[in-house]
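Chains as they are written, first to last, in my numbering: chain R, 1 to 363; chain U, 1 to 363.
One thing to keep in mind: the hints can contain errors.
[Said to hold, decoys possible] Some residues of chain R that are not near chain U, with every Cβ distance over 12 Å (derived):
| hint | residue |
| --- | --- |
| 1 | A103 |
| 2 | L137 |
| 3 | N176 |
| 4 | E256 |
| 5 | R266 |
| 6 | A321 |
| 7 | E330 |
| 8 | D340 |
| 9 | I350 |
| 10 | K359 |
[To be verified] List time: in silico DSSO-like cross-link candidates among lysine-lysine, alpha-carbon distance up to 30 Å:
| hint | chain 1 | residue 1 | chain 2 | residue 2 |
| --- | --- | --- | --- | --- |
| 11 | U | K263 | U | K42 |
| 12 | U | K349 | U | K42 |
| 13 | R | K114 | U | K349 |
| 14 | U | K96 | R | K96 |
| 15 | U | K96 | U | K263 |
| 16 | R | K349 | U | K114 |
| 17 | R | K349 | U | K349 |
The set of hints was computed from the structure by calculation and includes no laboratory data. Here the structure is a predicted model, which is why all the values come from computation and not from measurement. Each residue gets a CB set at the ideal place from its N, CA and C atoms; glycine is no exception.
2 protein chains.
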Amino acid sequence: MIRAIRYLLACWVLIGAVTSSFSETVDTLHYTDARQLTLIGKPLPDGPFFHRVDTAGFPEIPATVKRLLTHSAGLAVSFRTNSTKIAARWCTSARKPGNNMTAIAFEGLDLYIKRDGQWQYAGVARPTTNECNEYTLVANMEAGDKECLMYLPLYDETISLQIGVEADADISAKANPFKKNILIYGSSIVHGASASRPGLAYPARLSRETGYHFLNLGVSGNAKMEPEVADMIAHMNMDAFILDCVPNSSPAQVTERTANLVKTIRAKHPNVPIIAVQSIVREGGNFDRSIAERVDAQNANFKHEIDQLQQDVDDLHLITADGLLGDDHEGTTDGTHPNDLGFDRMLQKIRPAVLKILKQHGI
Amino acid sequence: MIRAIRYLLACWVLIGAVTSSFSETVDTLHYTDARQLTLIGKPLPDGPFFHRVDTAGFPEIPATVKRLLTHSAGLAVSFRTNSTKIAARWCTSARKPGNNMTAIAFEGLDLYIKRDGQWQYAGVARPTTNECNEYTLVANMEAGDKECLMYLPLYDETISLQIGVEADADISAKANPFKKNILIYGSSIVHGASASRPGLAYPARLSRETGYHFLNLGVSGNAKMEPEVADMIAHMNMDAFILDCVPNSSPAQVTERTANLVKTIRAKHPNVPIIAVQSIVREGGNFDRSIAERVDAQNANFKHEIDQLQQDVDDLHLITADGLLGDDHEGTTDGTHPNDLGFDRMLQKIRPAVLKILKQHGI
Numbered sequence: 001m002i003r004a005i006r007y008l009l010a011c012w013v014l015i016g017a018v019t020s021s022f023s024e025t026v027d028t029l030h031y032t033d034a035r036q037l038t039l040i041g042k043p044l045p046d047g048p049f050f051h052r053v054d055t056a057g058f059p060e061i062p063a064t065v066k067r068l069l070t071h072s073a074g075l076a077v078s079f080r081t082n083s084t085k086i087a088a089r090w091c092t093s094a095r096k097p098g099n100n101m102t103a104i105a106f107e108g109l110d111l112y113i114k115r116d117g118q119w120q121y122a123g124v125a126r127p128t129t130n131e132c133n134e135y136t137l138v139a140n141m142e143a144g145d146k147e148c149l150m151y152l153p154l155y156d157e158t159i160s161l162q163i164g165v166e167a168d169a170d171i172s173a174k175a176n177p178f179k180k181n182i183l184i185y186g187s188s189i190v191h192g193a194s195a196s197r198p199g200l201a202y203p204a205r206l207s208r209e210t211g212y213h214f215l216n217l218g219v220s221g222n223a224k225m226e227p228e229v230a231d232m233i234a235h236m237n238m239d240a241f242i243l244d245c246v247p248n249s250s251p252a253q254v255t256e257r258t259a260n261l262v263k264t265i266r267a268k269h270p271n272v273p274i275i276a277v278q279s280i281v282r283e284g285g286n287f288d289r290s291i292a293e294r295v296d297a298q299n300a301n302f303k304h305e306i307d308q309l310q311q312d313v314d315d316l317h318l319i320t321a322d323g324l325l326g327d328d329h330e331g332t333t334d335g336t337h338p339n340d341l342g343f344d345r346m347l348q349k350i351r352p353a354v355l356k357i358l359k360q361h362g363i
Numbered sequence: 001m002i003r004a005i006r007y008l009l010a011c012w013v014l015i016g017a018v019t020s021s022f023s024e025t026v027d028t029l030h031y032t033d034a035r036q037l038t039l040i041g042k043p044l045p046d047g048p049f050f051h052r053v054d055t056a057g058f059p060e061i062p063a064t065v066k067r068l069l070t071h072s073a074g075l076a077v078s079f080r081t082n083s084t085k086i087a088a089r090w091c092t093s094a095r096k097p098g099n100n101m102t103a104i105a106f107e108g109l110d111l112y113i114k115r116d117g118q119w120q121y122a123g124v125a126r127p128t129t130n131e132c133n134e135y136t137l138v139a140n141m142e143a144g145d146k147e148c149l150m151y152l153p154l155y156d157e158t159i160s161l162q163i164g165v166e167a168d169a170d171i172s173a174k175a176n177p178f179k180k181n182i183l184i185y186g187s188s189i190v191h192g193a194s195a196s197r198p199g200l201a202y203p204a205r206l207s208r209e210t211g212y213h214f215l216n217l218g219v220s221g222n223a224k225m226e227p228e229v230a231d232m233i234a235h236m237n238m239d240a241f242i243l244d245c246v247p248n249s250s251p252a253q254v255t256e257r258t259a260n261l262v263k264t265i266r267a268k269h270p271n272v273p274i275i276a277v278q279s280i281v282r283e284g285g286n287f288d289r290s291i292a293e294r295v296d297a298q299n300a301n302f303k304h305e306i307d308q309l310q311q312d313v314d315d316l317h318l319i320t321a322d323g324l325l326g327d328d329h330e331g332t333t334d335g336t337h338p339n340d341l342g343f344d345r346m347l348q349k350i351r352p353a354v355l356k357i358l359k360q361h362g363i
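Between the sequences and the hints, there should be enough to build the whole structure, so can you do that?
Okay, structure coming up:
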C-alpha cells in the first residue's frame with residue numbers, strides 16, 4: 001500500500017512534468033526536468049534514466065548488486081543557467097539513511113559551479129522527507145552565465161528530478177565537462193557510504209580535481225568480483241579500470257576471483273590500464289585483532305594475485321594500502337567507512353598515483 | 001502517549017539497573033551503570049547526571065538553551081577494564097537526527113582507548129532505533145588493562161547508559177584524564193553538528209590531542225550571548241574561556257552583546273585568559289552574496305568589539321577566521337557545518353593558537 005502511494009506520488013510528479021512540456025512556472029521559479037539536460041556518470045547508457053546500469057541486460061548478476069545499481073551514486077546533471085537562484089524538486093524511494101550516513105548524502109542533492117576554472121561547492125538540497133522534496137540550493141548569486149553540476153543521491157534510487165531557475169532565466173544542457181572514462185569498481189567506500197554529501201564521494205572528487213570522468217560502480221557490501229559481474233564490467237567501454245573491491249571479498253574469494261576479474265577485463269580491453277587498489281586499513285581493527293587479521297589476509301592475497309598476474313598481464317598496476325587513511329585513526333565514521341577526512345587522505349595518495357599511470361599510458 | 005511510553009521504557013531500564021545493584025550478567029556480559037563510573041565534560045557538577053548543565057539554577061536563560069543543555073555533547077565516561085570486549089546499552093530521547101548528521105553522531109556512542117600514551121579510536125555503538133539500543137563497540141582485544149573514554153551522543157538527551165564487559169572481567173571508575181578546565185561556548189559547530197561521530201566534535205579532539213579538559217558548551221543555533229547566559233557562563237569555574245559564538249548572533253547582536261559577555265566573565269574571573277574566535281567562513285556564501293556579507297559583518301563587528309575591549313581588558317585574545325576551513329570549499333556538509341575534514345583544518349589553526357595562549361598564562 002505504501003509502495004503504491006509512493007509510485008502514485010512519483011507518477012504525479014512525472015505527469016506534472018510531461019503535461020507542461022517538462023517545464024512549468026511556480027512561485028516565480030521555472031522547473032525543467034533533468035531528463036532534458038545532460039546526465040553524466042552512467043557506465044552504460046541505456047535503461048531507466050537515473051539508474052547507473054540497466055541490469056536487465058545482465059540477468060545472472062546477484063539480485064543485491066542489481067538493486068544497488070539503481071542507486072544514483074556518482075550521477076550528476078550537467079547544465080548551464082543564467083539564474084541567480086537554483087532550486088530542485090526531486091523524489092527518491094522511501095528508504096531511510098543508514099546510521100553512518102547523513103540524509104543529505106543518502107538522498108539529497110549537491111551543487112557545484114565552475115569558477116576560475118575550478119569546480120566549487122555552491123549548495124546542497126536537504127531532504128525533509130524520505131520521498132519527495134523541494135529545496136533551494138543557492139540564491140542571491142551574481143548575474144551571468146554559470147556552468148553547473150548537480151550530484152544526485154548516493155545511496156537511494158532517484159525517481160525524478162526537476163531543476164528550478166528564476167522565471168526570466170534560461171537553463172540548458174551542457175556537455176560532460178570531464179574527459180575519458182575511468183570506471184571505479186568497489187565497495188561502500190567507492191559508493192560513498194560516509195561521505196557527508198553526494199559531491200564528496202571519492203570518485204566525484206577525483207573527477208573535479210583531475211578533469212577525468214571517473215564513474216562510480218560502488219556496490220555497497222557487494223563488490224565480490226563474481227564472474228557475472230566481471231562480464232558486466234568488461235562490457236563497459238572504458239579508458240581505464242580501477243579495482244577497489246578488496247573490502248567485501250573474503251580472503252579466499254580474493255584468491256579465487258581476482259585473476260578472473262582482471263583477465264575478463266583484459267580480454268575485452270587489450271590495452272587499457274587496470275589499477276588494483278588494496279583495502280584501506282579497517283580502523284575497527286585498531287583494537288579488534290580479528291578484524292585486523294582479516295584485512296591483512298585480504299590485502300596479502302590480493303597483492304599475491306596481482307603480483308602473479310603482472311607476469312602475464314601488461315599495464316596492470318597496484319596501489320598499496322599503506323598511508324591511505326593517515327596514522328591518527330580518526331579517518332572513519334564507524335571503523336570501516338572513511339569520513340571526509342579519511343577520503344581526503346585517500347585522495348592524497350590515490351590521485352597522484354592514478355594520474356601518473358594515466359599519463360604513462362597517454363590518456 | 002509516546003512520551004509516556006518512552007519514559008516507562010527509560011524507567012524500566014533504570015529500575016533494572018537499580019534492582020541489580022547497577023550491574024547484571026546477561027549473554028556472558030556484565031553491565032555496570034555509567035553513574036558508577038566517572039563522567040567528564042560537565043561545566044557545572046549538579047543536576048541530572050547526563051545533562052551538561054542543571055538549568056534549574058538559571059531560570060532566566062532562554063528555554064531553547066535550557067533544552068540544548070540536556071544534550072550530552074562532550075560528555076564522556078572515564079573507566080578502566082581488563083575486558084577484551086566492551087558493549088553498551090543506552091537510551092536517548094525519541095528525537096531523530098537532522099539531515100546533516102549521522103545517527104552515530106546524533107545518538108550513538110564512541111569509544112577511545114589509550115595506547116602508547118595516545119587516545120585512539122576503538123569502536124562506535126550504532127543506534128538501530130531512536131530510543132533504546134544495545135551494541136558491542138569492540139571485541140577480540142588483547143588481554144590486559146585498558147584505560148577507556150566513551151563519548152555520549154552529541155545531539156540527543158542521554159537517559160541511561162550501562163557499559164558491558166565480559167563476565168569474568170572487571171570495570172571501575174578512572175579519574176578524568178585531562179587537566180585544567182577550558183570552556184568552549186559556541187554554536188552548532190562547537191556542539192558538533194556534522195562531526196561524523198561523538199569523539200570527532202572539535203572540543204573532544206582538542207582534549208585528546210592536547211591533554212587539557214575542553215568542555216563543550218555548544219548550543220546549536222542559540223549561542224547568542226544573552227546577558228542571562230553570560231551570567232551562567234561566569235558561574236563556571238574555568239581556567240580559560242573560548243568564545244566561538246559569532247555564527248548565531250546577528251551583526252547587531254554581536255555589537256550589542258560581545259562586551260557584556262566578556263566583561264561578565266572577567267568580573268568573576270579576573271585573571272583567566274578569554275579567547276575569542278571569529279566565525280568560520282560560511283561555504284554557503286561561496287556563491288550566495290547575502291550569506292557572505294552577513295558573515296563578513298558578524299566578523300567585522302566582533303573584531304571591532306574585541307579590539308575595543310582589549311584596551312581595558314587584559315588577557316583577551318582573538319583568533320581570526322582566515323584559513324580556518326582551508327581554501328577548496330570542501331570542508332562542510334551543508335555550507336554551514338564543518339565535516340570532519342573542515343574540523344581537522346580548524347584544529348590545525350586553533351590548536352596551536354590556544355596552546356600558545358595557555359602556555360603564556362602558565363596553564
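Verification of the hints:
{"no.": "1", "hint": "A103", "verdict": "violated, 4 Å"}
{"no.": "2", "hint": "L137", "verdict": "violated, 9 Å"}
{"no.": "3", "hint": "N176", "verdict": "holds, 22 Å"}
{"no.": "4", "hint": "E256", "verdict": "holds, 26 Å"}
{"no.": "5", "hint": "R266", "verdict": "holds, 35 Å"}
{"no.": "6", "hint": "A321", "verdict": "holds, 17 Å"}
{"no.": "7", "hint": "E330", "verdict": "violated, 7 Å"}
{"no.": "8", "hint": "D340", "verdict": "violated, 4 Å"}
{"no.": "9", "hint": "I350", "verdict": "holds, 16 Å"}
{"no.": "10", "hint": "K359", "verdict": "holds, 23 Å"}
{"no.": "11", "hint": "K263(U) <-> K42(U)", "verdict": "holds, 23 Å"}
{"no.": "12", "hint": "K349(U) <-> K42(U)", "verdict": "holds, 26 Å"}
{"no.": "13", "hint": "K114(R) <-> K349(U)", "verdict": "holds, 28 Å"}
{"no.": "14", "hint": "K96(U) <-> K96(R)", "verdict": "holds, 12 Å"}
{"no.": "15", "hint": "K96(U) <-> K263(U)", "verdict": "violated, 38 Å"}
{"no.": "16", "hint": "K349(R) <-> K114(U)", "verdict": "holds, 28 Å"}
{"no.": "17", "hint": "K349(R) <-> K349(U)", "verdict": "holds, 24 Å"}
Going through the hint list in order, the structure does not satisfy hints 1, 2, 7, 8 and 15.
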